[in-house]
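Undergrad: Please model the entire structure based on the sequences and the hints provided.
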Amino acid sequence: MNRRAWIIVWPLIGTAAAALAWAGFAPIHVPSHDELFEIPKGTYARRMKGDKVEILPAQIRLTLGLNDVLLLRNLDEVPQVFGPTIMMPGQSLRLPFEKASRYDFACTAHASGQMTILVEDEPVMPWSKIHWRAREWWENRKK
Amino acid sequence: MRRFLAIALLSGAACAFAAEPPRVAAPPADLFKAGTLSPVMPAPALMLEGSDGKPVTLARFRGKVMLVAFGFSNCGEVCPITLATLAGARKKLGAGGADVQVVYVTVDPERDDAAQMKKFLGSFDPTFVGGVGTRAQIDAAEKSWGISSVRNTNADGSYAIGHSSSIYLIDRKGGLRAVMPYGHPSDDFVHDLKILLSE
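Heads up: the protein sequence lines correspond to chains A and B, in order.
For the first sequence, counting from 1, position 75 maps to 75 in my numbering; every step adds exactly one.
For the second sequence, counting from 1, position 62 maps to 62 in my numbering; every step adds exactly one.
In case anyone wonders, no lab produced these hints; they're calculated from the structure.
A few of these clues could be false.
With the Cβ distance kept under 7 Å, some of the chain B side facing chain A (calculated, not the full set) [as the list claims (entries may be wrong)]:
#1 L37
#2 S38
#3 M47
#4 Q137
In silico SDA-like cross-links for lysine to any residue, where the CA-CA straight-line distance does not exceed 20 Å [what the hints assert, rightly or not]:
#5 B:K118 <-> B:Q137
#6 B:K119 <-> B:K143
#7 B:K143 <-> A:V81
#8 B:K33 <-> A:D121
Even glycine gets a Cβ: it sits at the ideal position worked out from N, Cα and C.
TA: And the structure:
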């Protein structure tokens, strides 16, 4: 590679290295511990008409120390059972997690009747922070 | 060029520490360990026979903090662990434990009568009260509390019951305040019960 090409390549490598260093060492900032999901009005009625509506993801991923509280709002007109409890219309459930694990809950807001919550350890090491940031960016990109 | 790369890495790391605001503060200690319901609504009704010979209703225990759970006396794992945890929490509360009432409702009315539940619960804590009744009464209680129970029959005709395993925390006024999923240690119950007992 000639000298002119290196002049272009090295700044790119440097920028990528600086970005990686930032992603690996910077504290992760989140606006709230709460990860909010809502069961919209009319969910039950739509399901009764045969519509296999999926209003919540089958799997929710939470991270300890960052977004480790599941906040679920029942905006439907009928009670909904979510995992450990029955939620009346207009009611919210705030469910904190303190242990990394996989939690399987029954959920009437799902067509399958099941919901999985994956709670992961807080990303502390540089690689885990890079991984967390990359995944967040990827998932937000799809939204 | 290597020097350039090193400078880039160091400047990236330096930016990381200098520019990023601190992440959100940890939640305050007065928040429940259990899942909390908002707004608070009255707990679903219970109209059952008690293992102590008296009716089991929410009104009977009004003024106390109640822990309500569902299970059965032949349960091999979940129920004994849950009951041992609740008994441990009551004990750790000391005198405050007297204001905590555990009600354990059977999901197996075919095998659990009042005497059976009294014997079963008494091995954990003699103050625990079991809720028993007919199949129709138990089905009604399960429906209103959002409880699921499924009977799994073995080849030899014996059976076990898979059931909801959460514990419901009810305040002194009868409001359903929180739901503790299965698996929390007794210290988490102590933490939340102290909040409810102080109200």
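Undergrad: Now look at each hint and say whether the structure bears it out.
TA: Going down the list of hints, with the structure as the test:
1. Restraint check, B:L37 versus chain A: the minimum CB separation of about 6 Å is within 7 Å; hint holds.
2. Contact between B:S38 and chain A, as hinted, is supported at the beta carbon level, the nearest pair being about 5 Å apart and thus within 7 Å.
3. Taken as an interface hint, B:M47 does not check out: its beta carbon lies about 17 Å from the nearest beta carbon of chain A, beyond 7 Å.
4. Because the smallest distance between the Cβ of B:Q137 and any Cβ of chain A comes to about 18 Å, over 7 Å, the interface hint for this residue is violated.
5. Taking the CA atoms of B:K118 and B:Q137, the gap is about 19 Å. The hint holds against a cut of 20 Å.
6. Straight-line distance between C-alpha atoms of B:K119 and B:K143 comes to about 26 Å, which puts the hinted pair past the 20 Å bound.
7. Annotation: proposed proximity of B:K143 to A:V81 holds, straight-line Cα distance about 10 Å (limit 20 Å).
8. Between the alpha carbons of B:K33 and A:D121 the distance comes to roughly 18 Å, so the proposed pair stays at or under 20 Å and holds.
In the structure shown, a violation is registered for the earlier hints numbered 3, 4 and 6, in ascending order.
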